[in-house]
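Asks: Sequence:
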Amino acid sequence: MGDYSLFFLLALLAEIIGTVSAFGSSILFVPIASIFLDFKVVLGITAVFHVFSNLAKIYFFHEGIDKKIVLKLGIPAVIFVTIGALLTNYIPQKSIELAMNILILLLALYLISGHAKTRKETSTNLYVGGTISGFLAGLIGTGGAVRGIILTAFSLEKNVFIATSAIIDLGVDSSRAAVYIASGYFTKDHLILIPFLILISIAGSYIGKLILKRIPEKSFHFVVLSVIALTSIVQTIRFFW
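Counting from -19, one number per residue, gives the positions in the sequence shown under the numbering used here.
Simulated from the structure, these hints should not be mistaken for lab results. We treat Cβ as the ideally placed atom computed from N, Cα and C, and that holds for glycine. Do not take every clue at face value.
[What the hints assert, rightly or not] Pairs of lysine-lysine, DSS-like flavour, derived with a Cα cap of 30 Å:
(1) K193 <-> K48
(2) K48 <-> K198
(3) K20 <-> K198
(4) K168 <-> K47
(5) K198 <-> K47
(6) K189 <-> K47
(7) K189 <-> K48
[Claimed, not checked] Now the in silico label distances, taken between C-beta atoms and shown as ranges:
(8) L66 <-> V108: 19 to 27 Å
(9) S135 <-> I172: 41 to 49 Å
(10) N105 <-> E197: 16 to 24 Å
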């Protein structure tokens, strides 16, 4: 496993940052894993890794779960992640990923500016947000940033934000993991990675929780949006590079 030592270290860093920024590690883990592995293999490993990651977050932040948001945002997300995952063989992911990164960057900067009004947790807002984030999670491996933007717009308290996002992500990742495994994106050759990914998900979530305790509630949403914006910039530069 020596060849994977840097991969595991970067995965741990992605998990810590993903926990602190509340929208999950996929937006960081996908580009990191793409350095080492084929993109379709990355989709499979990311989905499996995230299942363990979300279970760890649910355990550490379970007191913050908002059942209404989980159901209204989570159900359409689980449905449309399967559709997105099934379309990975037919739609060019790279072009969509570029467009999504630019859009997410603009939305994050808009929310950081303070000009955006807090959105109400209406059924329509939650259903639409779940549909979009789920579809993108299945298609290009990361929908957490979209959901992060949506939950930030609702100005949720950080424990509610993280726990609710994690339980929705668990349903999303379980669904797409099943599709990816059936499509051969995660094979028996990758089973050796699972014990390490479990340990990384637990350690990263726990370290992230310790860091979050030191972050004031008022600064939390700024941290979330800043990480989303920075990651979108890096991904856009990487695309053209």
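Asks: Are the hints correct? Go through all of them and say.
Replies: Cross-check of the supplied hints:
1. Simply put, K193 and K48 have alpha-carbon atoms about 25 Å apart, close enough for the 30 Å limit, and the pair holds.
2. Restraint check for K48 and K198: the C-alpha separation of about 24 Å stays at or below 30 Å, so the hint holds.
3. Under the criterion of a C-alpha separation no larger than 30 Å, the hint pairing K20 with K198 is inconsistent with the structure, at around 38 Å.
4. Straight-line distance between C-alpha atoms of K168 and K47 comes to about 36 Å, which puts the hinted pair past the 30 Å bound.
5. Restraint check for K198 and K47: the C-alpha separation of about 24 Å stays at or below 30 Å, so the hint holds.
6. Among the hinted pairs, K189 with K47 is consistent with the structure: their alpha-carbon atoms are about 21 Å apart, no more than 30 Å.
7. Only pairs whose Cα atoms come within 30 Å are accepted, and K189 paired with K48 is accepted, the gap being roughly 24 Å.
8. Between L66 and V108 the Cβ separation comes to about 21 Å, which falls inside the hinted range of 19 to 27 Å.
9. At roughly 43 Å, the beta-carbon separation of S135 and I172 lies within the given 41 to 49 Å, and the hint holds.
10. In this structure, N105 and E197 meet the distance hint of 16 to 24 Å, their C-beta atoms being roughly 22 Å apart.
Checked against the numbered hints above, the structure breaks hints 3 and 4 and satisfies the rest.
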